[in-house]
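J.: In case you want the letters, here they are:
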Amino acid sequence: MKSTQINIGSTLCRPDALLKVSGTAKFAVDYYGQDYIWAGVKRASIPHGTLKNVDCSKALKVPGVLTVLTHKDIHGTNRQGVVKKDQPVLVDDKIRHCGDAVALVLAETKSALAEGLVAVRTDTKELQPVKDVMSALKPGSPLVHENNAKGNILLAGEIAVGKSLAALKECDVVVEARFETQRQEHAYLETENGWARLDDKGRIEIVCSTQTPFRDRIEVAEALGMDPENIRIIVPNVGGAFGGKDGITVQSLLALAAQHSNGRPVKMWWDREESFLASAKRHPCMMAYRLGAKLDGTLHFLDVDIILDTGPYDHLGGVVLALAMEHSGGPYRIPNGLIRGRCVYTNNPVGGAFRGFGVTQVTSAIERAMDLLAEKMGMDRLELRLKNALKAGDRNFVGKTLTTSTGIIECLETLSRHKLWKQKSSWKCGVPPFKRRGIGISATMHASGYGPVVPDYANAKLELTTRGSFRIYCGVVDMGQGNTTANIQIVGSLLNQPIEKMEVVLPDTDKTLPSGSASASRCTYTFGNALISGAKIMQERLCQKAADLMMIKDSNEFSMIPGAIRHLPTNREIRLETIARIMDSSEKTVTAYFRAPVATDSVTDDKNLRLHGIPHNLFSYSANLAYVEVDEITGKVAVADYLTVSDCGNVMNPQIYEQQIQGGVCQGLGLALYEDFETLDGRIITKDFSTYLAPTSMDIPDIQSVALGIHEPTGPFGAKGIGEISTNGPLPTIANAIFDATGYMFDKSPITPEAILDALNINLSG
Amino acid sequence: MISNLLISFELNGKEIHIEAQPDRRVIDLLREDLGLTGPKESCGRGDCGSCSILVDGFVRLSCLMLAVQLNGRKIVTIEGLYGPKGLLHPVQDLFVELGALQCGFCTPGMIMTIIDLLNSNPRPSRDEIREAISGNICRCGAYQKILDAVETISERVSQR
Amino acid sequence: MSKVFMPAQPDELWGILDENPEAVVYAGGTDLLVRLRSRFTKPDCLVCLERLDDLKGVKADDDDIFIGALTTHREMLNDPIIQKDLHILTHALKQLGSPPIRNMGTLGGNIVTASPAGDTLAPLYILNAQLEIGSRNSTRRAPIESFILGPGKVDLAHGEILSRVVVRKVPKFEVHHYEKVGKRNALACSVVSMATLMNVSSNNLISNIRLAWGSVGPTVLRFGDIEHFLVGKPLTVEGLSEAINMIQELVKPIDDIRATACYRREVAGRLLLRLLKYSV
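Quick mapping for you: the protein sequence lines, in order, are chains E, A and G.
So the mapping is simple: my numbering equals the position in the first sequence, first residue as 1, plus 785.
So the mapping is simple: my numbering equals the position in the second sequence, first residue as 1, plus 243.
So the mapping is simple: my numbering equals the position in the third sequence, first residue as 1, plus 4.
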């Protein structure tokens, strides 16, 4: 490190990077231990059926197989889920998707495990699968959950805005369009895995790759009938998550295995194909939009109907729907309209949290609709957006008054001054043979936190060690996004200590304090605010201690300096390790609590929608621009340039901020152009990394990021969430650019070369 | 019954003699038998590059190699990579300095690929770097900063 | 568990193959080991050819270029003989798989795998490549198009090994063109590919042309009729248009996970238009 001093607002190299580049950073997959055994899951492999019997006898005869467990070995509820507990650990009645777990095999070696899994025989009666949302909603459709009161509907909601549908006839111009977004796989490189062991006191320790250790602990305990106190979850470095590890993956299975392994450590590591089969995905989404405006371009009306395919389980499907509904109008003032949403059960892969969380889907719809409207009105796309963009004090589409920093106008204005916007015409003029060039823009917003009902809180814990350093107990997982570094910056800058005096403890339910999930663009906002309070308490306490020791009345005359506390009037100092030595251990640790402010606007009477998160209080914003070149011969699209101008509050660490922008754009471009997790009648077609195509270095252009750095008064050092917003821009921006290039607005994603060639249908040879 | 074979090779500068099943995948041998957890497995079929190691100086995928193929070879994993003074290799340094990683799971494989690139082409252009890392998926999308880091090395070599 | 042999000498190889009639042979492993991953029963015996140094490297005499079957894609890319005379192969190799795959995979492996999407195949077809197939007691030669019988099917008996690829140096072509259409720009399996060798006269007429397509039939496809038809035609949109229709009628693509037959058919023809960049 060049500078050991820590500041907010300048880049601090990520301390985890040192371990990661040298191969010494430990991920959950790197835990083996003495005398460990392997656990693996027998998957249903049919999308819908009744499980009549599981025959373990053959498997038990396989040399090296230790035991085979089924639902009969589970003594709790055997149900897990974040909001609605509808997912079995091991199937006990019905199979609801191909990835359902039906048996758990424990074996001495990986090869014995593989053989044992094949030898487990399941006796099933196949039922007609509910293969898509449209058939799920038809009367008489088979039911995914027979006892669900609303048939195949998990959650449905409706919010009327202003004059609702009556405002349609007041519009001068209306565009109507339907959009469909695909199922997207997280494809984090570290597949779901963990390591567990039962100690002699009956406690189970689980090391795993998760975003939610504290919530997992409760879920595992309920599902297996254990006392949560007897479960410890430890989260080392996480090899990517993007929402896919928000919720249970291996945890309950591992705990069950540990109950039957005679104290031997158990390791479970899903391979890529199993990860694809069993993990949650971004919900496929169907959206019908009617957007209306007055002659001058003032938006007047929006009618939205959203249908999500959540697969067989809630997971976070209801919450995703609520966030989609809330963001369906984009960052615009739209006084009237109707928002309808349904989250629907099917026998497809499970839908769950994925960076962008429903907002990605609806943003792609409203932003394409905006371009269609601009086209129909003959109005400039940027002007139309600027004219209707939200400002502080406005009510957003769902009716929430914006009381926190609202920088979408500044984002759009900055974009309008950027050279990529100014040079767009000359770039288009230089088009080579058989190519078409286009420029697209989009405006996005993204909420952070949990909404008005579920408490969005964090508990920071900070300790002065005997060597005079500060140990931060991080309650929120860092799955690569860099919030741990932000934590170090907060404490280091407030206590005026260099990086050498900083230590971190990664999330561990025995050591760190419950602080919610690593999700919802909330990590640094919520935990950071708690940590600021903690650091201030620590500072006051240490200065007071120093004042007491030096017999000085006023502790305000003290200041923290690197490694010590100095009495400014006399220049006398006391080393931190000296203070630490005379403090009792109870005094050396401070804890602090923060609960994020919530919206008090009553935008809906639907308690269920409020529970699922409507409305939020704090939003990040961005404006995006892309240059694309479409090849007329093959239909292939090349993204030549991509710009994001973002208002995510004050920038605490420019490098990590850019990482988040670049990474989100990368995944968003994957969604726009390449990635499609395909199924046919509930069965997966894209089974592995050769058919599910995440972008390579050759597919992603260099991305330009402009951060506005607008101070958010409620944020830690003025910061807001940066984790998700950049994922929302690429699909609409690229679609709009292709619209500009070809005159064709694609309503399905990914936008494939094949679809483009079909649409162009150019007779090049004639 | 097929018996284990004695397999001898150099691993990160040390002679290794180990009994292994001849068809054991090299990634398993390294991680489970030899305790080197730097190389990661992610796809198991050559489509991601996470398990990349150097074999006689060239980058290879350890998920698509069997243990016997190691016989007589010189293997370097991320754990065996050092710079001139026994500290970090300049590539590792610049990854840290320029933030060329996020979750870090692709990083060991990515770095081994870059070492191979720089061995054969000490001054690669940005396009050449882009091409060279195209078999290493980074799902966090750190490509741009990886390019920045390697380009910086390339420029430093040019200035020397 | 499988036995794995790594013969270093041909004699050793022949002995292993004699004694293990079920032996499965691999070179770089980038195809076979992937296929074995999804298979529960493994073969009893694997033979890895990577130590057969006699079958590696590129040589040339006055008339021919000889490429050892175990030469890796990367070695070919770096080879001065190939760089000088076989640009068409270089263009294709640069787009094959990814750098680590190119370090492991071999030319022989790409041929014997016989995927219609194999990136080296279309170039080898238009180079009129001859394959040398060795066994304990004999060596035979076969043109590549008669050696490859269908997807994954080649004319290779147990006890035989593809040992060398032979390419004539003449005639010389000015244009060596390869285009691969994949679903992404690296680590992609081709959806359609087209390899071209061509000469264009000073008045912009095609004077000589060879064309082959990958991924639009059970094997790489080459159409003598189209090559004949194009000779003497101007290198213009009009000059190519009829050939485009002919190609679209002749190719035999299928629908699969990567693309529809319809798209492949359409693009196979259209790729010809890319040759316009060589017009004079």
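Keep in mind that the hints were calculated from the coordinates and are not lab data.
Small disclaimer: the values here were computed from a predicted structure and weren't measured.
C-beta atoms are modelled at their ideal positions from N, C-alpha and C, and glycine is treated no differently.
Watch out, some of these pointers could steer you wrong.
[Stated by the list, open to error] Output of the computed footprint for chain G on chain E, the stretches with three or more beta carbons under 8 Å from beta carbons of chain G: (1) 870-879; (2) 1459-1472; (3) 1538-1545.
[To be verified] Okay, derived cross-link-like pairs now, PhoX-like style, lysine-lysine, Cα gap no bigger than 20 Å in a straight line: (4) Lys869(E) / Lys948(E); (5) Lys1079(E) / Lys948(E); (6) Lys1220(E) / Lys281(G); (7) Lys46(G) / Lys895(E); (8) Lys7(G) / Lys895(E); (9) Lys157(G) / Lys256(G).
J.: Hey, Lys869(E) versus Lys948(E), does the alpha-carbon distance stay inside 20 Å?
T.: violated (34 Å)
J.: Would you mind confirming whether the straight-line C-alpha gap from Lys157(G) to Lys256(G) stays at or under 20 Å?
T.: holds (17 Å)
J.: Does the alpha-carbon distance linking Lys1079(E) and Lys948(E) stay inside the 20 Å limit?
T.: holds (15 Å)
J.: Within a Cα-Cα threshold of 20 Å, do Lys1220(E) and Lys281(G) meet the stated pairing?
T.: Holds: Lys1220(E) and Lys281(G) sit about 13 Å apart, inside 20 Å.
J.: The segment 870-879 of chain E covered by chain G? Criterion: 3 or more residues, Cβ-Cβ distance below 8 Å.
T.: As far as the segment 870-879 of chain E goes, the hint is violated, because 0 residues have Cβ atoms under 8 Å from chain G.
J.: Sort out whether Lys895(E) lies within 20 Å of Lys46(G), counting only the CA atoms.
T.: The hint holds at about 15 Å.
J.: Check, residue by residue, whether the segment 1459-1472 of chain E contains three or more positions whose beta-carbon lies closer than 8 Å to a beta-carbon of chain G, and give the verdict.
T.: Coverage by chain G holds for the segment 1459-1472 of chain E (4 residues, Cβ < 8 Å).
J.: Does the alpha-carbon distance linking Lys7(G) and Lys895(E) stay inside the 20 Å limit?
T.: holds (18 Å)
J.: Examine the segment 1538-1545 of chain E for residues whose CB is less than 8 Å from any CB of chain G, and state whether their number is three or more.
T.: holds (count 3)
Hint compliance for this structure: hints 1, 4 are not met, and every other hint is.
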